[in-house]
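Visitor: Residues per chain are reported as follows:
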Amino acid sequence: MYAIRMENITKCFGSVVANDDVSFAASPGEIHCLLGENGAGKSTLMRILFGLYRADSGSIYVNDNPVTISGPRDAISLGIGMVHQHFMLAEQLTVAENIVAGCEPQRRGLLNYEQARRDILEVSERYGLQVDPDATVEDISVGQQQRVEIIKALMRGAEVLILDEPTAVLTPPEVSELFTVMRTLSESGTTIIFITHKLKETMEISNKVTVLRDGKKVGTVNTEDATPESLVEMMVGRSLPVHDDCRMAPKEAIALELKDVSVAGRKGSRARLDGVNLDVRFGEILGIAGVDGNGQLELEEVVCGLRRPSKGKVIMSGQDLTGNDTRRIRDKGVAYIPSDRLRRGMVTSLSLSRNSVLGMHHHAHFNQRGVLQEDIIDEHAEEIIAKYDVRAESVHQPMGSLSGGNQQKMVVGRELTRPHSVVIACQPTRGLDVGAAYYIREQILDSRNKGKAVLLVSAELDEILELSDRIAVIYEGQIVDVRPTGQFTERELGLLMTGERNGV
Amino acid sequence: MGPKQDVSKFAYSVVAIVIALLVGAVLIAVSGYSVKDAYSNLFMGAFGGVYSLATTIVMSTPLLFTGLSVAFAFQCGLFNVGAEGQLYVGALTSAVVALGLGWLPPVLRVVIALLAGAGAGALLGFVPGYLKAKLGAHEVITTIMLNYVATFLTTFLVKTYFKDPGPVDQTVLLPSGSRLPELIRGTRVSLGIILGIAAVALLNHIMRRSVLGYEIRVVGENPHAAEYGGVSVSAKTVQAMMISGAVAGLAGSVEVMGTLYRFIPHFSPGYGFTGIAVAVIAGQNLWAVIPAAILFGALQSGGQTMQLFAGIPMELMTMVQGLVILFVAAPALGSLLFRLKIRAKEGGGLE
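Each protein sequence line maps, in turn, to chains A and B.
For the first sequence, this note's numbering assigns the number 1 to the initial residue and increments by one for each residue that follows.
For the second sequence, this note's numbering assigns the number 1 to the initial residue and increments by one for each residue that follows.
Hint data in this document are derived by calculation from the structure and do not stem from the laboratory.
One or more hints might be untrue.
Unchecked claim - Here are the computed lysine-lysine pairs in the DSS-like style, where the Cα-Cα straight-line distance is at most 27 angstroms:
hint, chain 1, residue 1, chain 2, residue 2
1, A, Lys311, B, Lys134
2, B, Lys134, A, Lys313
3, A, Lys311, A, Lys267
4, A, Lys450, A, Lys387
5, A, Lys208, A, Lys198
6, A, Lys267, B, Lys134
7, A, Lys313, A, Lys259
8, A, Lys313, A, Lys251
9, A, Lys216, A, Lys200
Sequences are here, hints too, so could you generate the full structure?
Guide: What follows is the structure, encoded as C-alpha cells:
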C-alpha cells in the first residue's frame, strides 16, 4: 500500500511543460526526497498534490483510493499537509492564534484560547516541536516559525507532510533539530515528502529518493543504494568532476588587510563587527565561515565601502582605503559579488546590457563625454553571456527575466571581467542549483589560480571547506579562529560557528 | 522596457480612457444632461477646427512641461509635487528678466529669459532634493510646502516690486521682442509647444543614452544597487530634482512668454498638479507625456466649449478627468474588472 500515489501527472504552464508524465509514490512512514535542480518541477508536482494546481492529466491515489483534489481544503481533509518555502503566517498574531486559524476551537462562539494552547502543547510535546504558544510570530526565529507551520499541518490531521525546501532558511543547528523532528514523525507513521536540491541532506535523512529533471522523472532509488555522485548524475544529466582542489601556498604580498575593524551596533546592542583582523594574500582564498547574521554582511559592506567602520582600517595593497566611497574602492581593483544579489547586485528592470556595466559604466571604455556607448556595452554583455554560459535570449531582455542561476552567472561574469586583483565573493552560490553552483565555484578557483586574492563569505560550510585555502570563523562579529583549511575538523568548525569556543 | 510592453501599455491606456468616458457618460446622463450634446461639444471644442485645436494646444503646452517634470522625477524614484511652485518662480523670473533685458536683441533676450526661468525652477527643485539627500526629509512634504512659499512669494514680489501701475496686481505686458513667436497667426499657439516636445526628446535622450540618465534610473529602480555600483544616491537625487524643477520652471516661462505675455499672480489653474496626472498616465515612458498632456489639454478646452454651448458645467469634465486618472493609474483595479468580466463570460461566476 502506498500512502500517496501520483500517476502520469502532466502539467503545462502555457508552452512550458512543468511536469511531463511524472509518476510518484510514497509508502506510509517513509521519508521520501524529491530531488532536482531549480525548475525541475518538484514544487509543481507537490502543489498539484496539495491542490494548489490542477494537473492537466494523470491521477492521484491516497491509501490506494482514487481521489480528486481541487483545492487545499480537499488535500487537508485527505490528511495531506504542506509547509511552504515562504511561510504563510500572520506576523502580528501569536503562535497559538496562527495555528488554530481556520479551525478554531470554540466555546459559545468565542475562541477557546485555553483549549488551543493545550492542543498545541500536546502536539508539540509528542513530536519534540518546542514552541511557545503565546509568543508573537514576528518575534520568533525562522526555525521556530517553521515549527509553527509543521504543527499547524499536524493539527489539521496531516498524515502526509510535504516540506518544500525546508532547510533553505535554517542554520546548521536548526537543520539537525528539524531532522530529529522528521525522524520522530516518520517513526510515528507520518509520511514525509521532502523537496530539496541538496545532496548531503538527501543522503542523511531520506529512505527513498525520486529525482526529477526538466519536468520528467529520472527515477526512484533507495537512498542506501545511492551515492552523492550517482544522484548528481541523475539530477544534472552528467557527472560533475571534483574541483581541482590543490591548495595553493599563498604569495607573500598581502592584497587586503583589515586592522581592528569594528562596526557599532544600534544604540545599546552589541557591535556588529568587533575588532576584526584579517589578511588575504594574492593567490589564496580566505573563507569566512559562520552562521548567517554574525557580521558577514557588515564585513562585506565595510570592505567595499558601502559602510564606514566605526573603528579600524581597511588596507588594499598597502594603501589605506578606509572611508573611501564604493566607486573609488572598486576602481582600485575589487570585484564584488554581493551576498544579496537581487537587492544589491542588479537592477531587475534594466536590460542585461545595462546591468553588465553596473559599477563600471563610468569607465572611459563604456562612455564618451557622458554618452553611453551602446554597441560596446552590448558587445561586453554578449561576451559575458558567452563566456559565463548565461542562458539568455538577448542582451536587451530585462535582468529580472532570467532565472536565479543565470542572474548570478551574469553578476559573477560582470565582476570577474572588470579589472581586479581582489575578489569579494559573498554567498556566491546561494539558492543556485547544482550545475550553476558548480560552475561558479570553478570560476572562483580559477580567479585564485590566476593569482587574485579571494575573500569568500559563505554560510554553506561545505562550500567553505571545498574552496578555501584558509578559514576564518566569525561569531557575533568577532573572528574566533583562523587556520589553514586542513587544520579544522568539520565538528570543530560547527562548534566554533555556534559560539562553543570551549568545545574545541 | 521593450517596445512590445510599450504597445500593450498604450493599448491599455486607450481602453482605460474609453472606459472613463463611458462611466462619465453615465454620470452626465444621471445628472440630467444629454450625453450626445456633451460629448459632441467636447470633441468639437477640442479638435473641431483650427481655433479649437489651437486652444487644445495652448492648454496642453504647460501640461507638457509640468508632466515631463514630474515624469522625469519618477524615473529617479522621486515624487515631485512641487511643479506648481517651480512653475511660479520660473514664470516670474522669466517675466522680470524678459522685461529687464529690453536692450538686448530679441532672440537673445528670449533665450536668456527662458534659461533664467529654468534656473529659478532648478533652484527651487534643489531645496527638496538637498533636504532629502542630506536629512532624509520626504520630498512630497517639502515640495508641497514649497508650493505655498513659491506661490505667495511671487505674489508678494509682484505687488511690491514689479507691479504694473494699474489697479491689477500684475506685471506690465512684455514687449513683442520678449515674447515667444506665434506659430499659428491669430491664435496663442507659440513656439512653446515645440520647445516642450524638444524638452521631451532631450530628456528622453538623457535617460536612455547618457551616463547621467543611466545613474538616475539605477537610483530610481534600486538605490541599493546604485550604491553597490558606486553611484551616489544623494548626488543623483539632488540632480534629478534640479532637472525636474528646471522643466517645471520652463512651464511657467513658456506660459508667461507665449500665452499671457505678463506675470499674473495665481495665474495657474493647477498646471503643476495636473502635471502629476499627466505623468502618472505616461508612466515610465517619457514620450508618452506628449499624448497624455494633449489628452488633458483637450478635456480642458473641450470642457469649456461644452460649458459654453451645451450649458453643461465644467465640473463634469473635471470629473471625467478624475475618472481617466483613476482607470489609467489603477491598472490593478482595471484588470480586476476585466478579469471579472472574463469570468462572467466563461459562465464560471466568482470562485
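Visitor: Each of the hints needs a verdict: does it hold here or not?
Guide: Hint-by-hint comparison with the structure:
no., hint, result
1, A/Lys311 - B/Lys134, "holds, 23 angstroms"
2, B/Lys134 - A/Lys313, "holds, 26 angstroms"
3, A/Lys311 - A/Lys267, "holds, 16 angstroms"
4, A/Lys450 - A/Lys387, "holds, 17 angstroms"
5, A/Lys208 - A/Lys198, "holds, 14 angstroms"
6, A/Lys267 - B/Lys134, "holds, 21 angstroms"
7, A/Lys313 - A/Lys259, "holds, 5 angstroms"
8, A/Lys313 - A/Lys251, "holds, 22 angstroms"
9, A/Lys216 - A/Lys200, "holds, 22 angstroms"
The structure is consistent with each of the numbered hints, conforming to all of them.
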